[in-house]
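Enquirer: As they're listed, the protein sequences go chains A and B. Heads up: the first sequence is residues 1 to 364, going by my numbering. Heads up: the second sequence is residues 1 to 364, going by my numbering.
Simulated from the structure, these hints should not be mistaken for lab results. Treat each hint with caution, since some may be false.
Pairs involving identical chains hold if they fit within one copy or between any two copies, as the list cannot separate such chains.
[Claimed, not checked] Here are the simulated PhoX-like pairs of lysine-lysine, each with C-alpha atoms no more than 25 Å apart in a straight line:
hint, residue 1, residue 2
1, K160, K10
2, K245, K10
3, K122, K325
4, K10, K325
5, K167, K332
6, K325, K238
7, K332, K206
8, K332, K143
9, K3, K364
10, K142, K3
11, K241, K167
12, K10, K223
13, K122, K143
Number of protein chains: 2
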Amino acid sequence: MSKPAFHALKPGATIGILGGGQLGRMLAQAAGQLGLHCHIFAPETDSCAFEVVRRATIADYADRAALDAFAQDCDVITYEFENVPAETAAFLAARKPVLPDPQVLALTQDRLVEKDFVSRLKIPTAPYAAVGSAGELAAAVKKIGLPAVLKTRRLGYDGKGQAMIRKGDDPLKAWRSLGEAPCILEGFVTFACEVSVVAARSRDGKVASFDVAENVHRDHILKTTAVPARISAAEASKARKIAEKIAKAFNYVGVLAVEMFVVKNGRERHVLVNEIAPRVHNSGHWTLDGCTVSQFEQHIRAVAGWTLARPMRLGRVEMTNLIGKEANDYAKWLAIPGACVHLYGKGDPRPGRKMGHVTRVFTK
Amino acid sequence: MSKPAFHALKPGATIGILGGGQLGRMLAQAAGQLGLHCHIFAPETDSCAFEVVRRATIADYADRAALDAFAQDCDVITYEFENVPAETAAFLAARKPVLPDPQVLALTQDRLVEKDFVSRLKIPTAPYAAVGSAGELAAAVKKIGLPAVLKTRRLGYDGKGQAMIRKGDDPLKAWRSLGEAPCILEGFVTFACEVSVVAARSRDGKVASFDVAENVHRDHILKTTAVPARISAAEASKARKIAEKIAKAFNYVGVLAVEMFVVKNGRERHVLVNEIAPRVHNSGHWTLDGCTVSQFEQHIRAVAGWTLARPMRLGRVEMTNLIGKEANDYAKWLAIPGACVHLYGKGDPRPGRKMGHVTRVFTK
């Protein structure tokens with residue numbers, strides 16, 4: 001089947017969103033602000049995105065009848081997570097424009113393919129090697145050295161699907177702990193700081209990136225983001241150029257995030273790409289309150305075929321995730337002057353679950 | 001029936017909103033940000049607020065079965081417009097807490113009662129007199145002088161229900177044009193500027209007002225708001241104190257707006273109250289992008305029994321309403337750097353219909 005034609009949406013048109021978590025929820029809220037409607041498709045009956053839209057489909061991503069009806073109701077379809085099954089994306093893309101293009105999913109769902117893609121763009125990454133067998137694992141350890149991190153090629157997030165291998169550890173044991181799934185071994189990087197850039201690309205090829213954010217993780221989950229990152233202007237410029245280059249190389253439409261490490265090598269500092277997320281990203285939540293346009297609005301503008309906004313930061317910004325039971329302290333946050341509290345409307349504050357976030361903007 | 005008990009809501013609770021226009025819509029969006037659910041009750045099938053919530057009731061305000069089911073689904077009920085029928089408010093208030101208290105509706109639905117209330121607080125207004133008969137009309141004209149404005153006591157908005165009486169005009173003709181409805185005659189005021197203050201009061205009696213906004217009307221409809229208003233610090237302080245005093249006198253819970261005139265009398269300038277709106281208000285839309293808390297969030301916090309936020313303005317702010325076909329220019333606005341575009345998702349851009357607004361924040 002040929003691809004369905006794409007026309008810029010008009011207010012009142014409907015954007016379909018695959019995925020019903022907080023990212024889909026905040027995308028729908030941004031679309032609402034622009035007079036666009038959203039239809040959320042998600043399998044989980046308690047998806048928090050359902051609460052902020054009129055139309056929702058609760059069905060499995062393999063349910064073709066449900067997907068077909070969903071596609072008929074939508075003018076363009078996007079997604080809030082990178083692990084959309086390839087068959088789902090292809091089925092929908094034959095019926096309605098799916099943006100970003102599903103080919104990007106194929107590139108980013110596999111850490112090895114993604115790293116190879118980035119390397120071909122001559123963008124530096126940590127040293128890495130493919131691990132598909134015990135022999136390859138031994139060769140990879142020899143090539144990369146230890147400590148190193150073994151990561152499954154697919155379906156890892158928030159530290160899941162990863163195992164650290166230190167000197168003296170048995171690499172095979174680490175691989176077994178990951179079910180001997182296809183992996184990559186990455187050199188362990190001691191970084192000066194972790195940063196990320198959220199960038200958007202429009203249908204007509206314009207690119208706009210947000211200011212570089214500095215991230216702190218706790219237990220492999222993003223805990224805080226501060227903007228601007230405490231890096232040099234040259235490093236910030238380099239980080240933004242990397243994200244914009246990747247967006248262009250992907251022929252991307254929408255918002256993506258590139259996580260990077262700033263590493264110190266003797267007296268020099270380098271920016272290495274760690275990971276690409278083909279979607280709005282937790283490290284961009286600060287834009288909701290700290291910028292004249294949010295990452296969510298920027299993504300909606302892009303997939304609607306509208307012009308991108310030029311992001312203008314309103315001050316120094318700090319974002320703090322409320323994880324698990326931390327969200328029970330919402331009243332404390334509500335009382336802090338200038339704190340903008342976002343709660344995602346999720347029921348159970350399970351450990352590690354992102355329940356909300358708080359942004360503070362300092363204009364002076 | 002005694003009043004139902006009120007407890008501060010927890011995230012996940014449901015706020016009922018009477019009215020499905022853009023104010024209800026933006027209230028629901030603010031509630032969503034705080035992890036609260038909304039149920040919209042409105043008679044119009046195409047109410048734009050329906051698009052941003054999961055639960056909606058389409059029914060007449062006199063439909064007791066629908067009101068009863070609505071009340072059962074909600075933890076607290078509020079409204080987006082001041083002309084909620086008294087019977088509707090009373091019916092709901094017997095079942096669930098209704099905030100602001102419906103007694104405020106009785107005070108603000110009638111211009112004469114409202115003006116008398118304000119006067120008793122020793123807050124200045126334009127001179128006014130009640131008109132219920134031809135005799136009272138003649139006496140009022142004699143007392144107030146001409147030019148003057150005849151206004152129906154009830155159901156006026158955006159210049160509807162008003163007639164100007166100039167010198168030489170026949171006052172009876174003006175009254176007949178308003179169907180000889182009960183009216184008040186107000187002295188015509190030549191103002192230096194029109195300002196408004198949006199203020200919030202919490203369940204525990206704390207009051208927080210936003211910075212004074214300066215408004216420009218066109219064809220009796222708000223066209224632009226600029227913040228801060230170009231008035232002296234003393235005048236701004238006086239305007240805020242007036243709004244806060246009214247909120248306290250009402251025992252108000254939620255957000256209200258007080259429209260005022262700054263009038264020049266020889267070398268002195270005075271602040272006169274024109275009108276009170278017991279709800280979020282168009283002249284407070286700038287807070288969505290220009291302040292650390294919006295009027296919508298502040299209202300939701302108040303009716304949820306939560307602490308108010310301390311509003312911190314992010315810079316100089318300009319808000320422009322998109323009225324009728326002006327909304328068709330949305331693409332022009334999207335392209336302006338720093339412009340935050342809000343479209344309400346209404347279908348038909350009828351003349352005079354508020355279709356959206358644009359805010360610009362200038363941080364320098």
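Enquirer: Please go over all the hints and tell whether each is borne out by the structure.
Expert: Hint check results:
1. K160 with K10: neither (41 Å within a copy, 32 Å between copies)
2. K245 with K10: neither (29 Å within a copy, 45 Å between copies)
3. K122 with K325: neither (43 Å within a copy, 50 Å between copies)
4. K10 with K325: between (41 Å within a copy, 14 Å between copies)
5. K167 with K332: Intra 44 Å, inter 60 Å, cutoff 25 Å: neither.
6. K325 with K238: Cα proximity of K325 and K238: none, with 38 Å in one copy and 44 Å across.
7. K332 with K206: between (42 Å within a copy, 17 Å between copies)
8. K332 with K143: neither (50 Å within a copy, 55 Å between copies)
9. K3 with K364: Classified as neither; 50 Å inside a copy, 47 Å across copies.
10. K142 with K3: neither (46 Å within a copy, 76 Å between copies)
11. K241 with K167: So K241 and K167 fail the 25 Å test inside a copy (36 Å) and across (69 Å) alike.
12. K10 with K223: between (38 Å within a copy, 24 Å between copies)
13. K122 with K143: Close inside one copy (20 Å), not across copies (84 Å); limit 25 Å.
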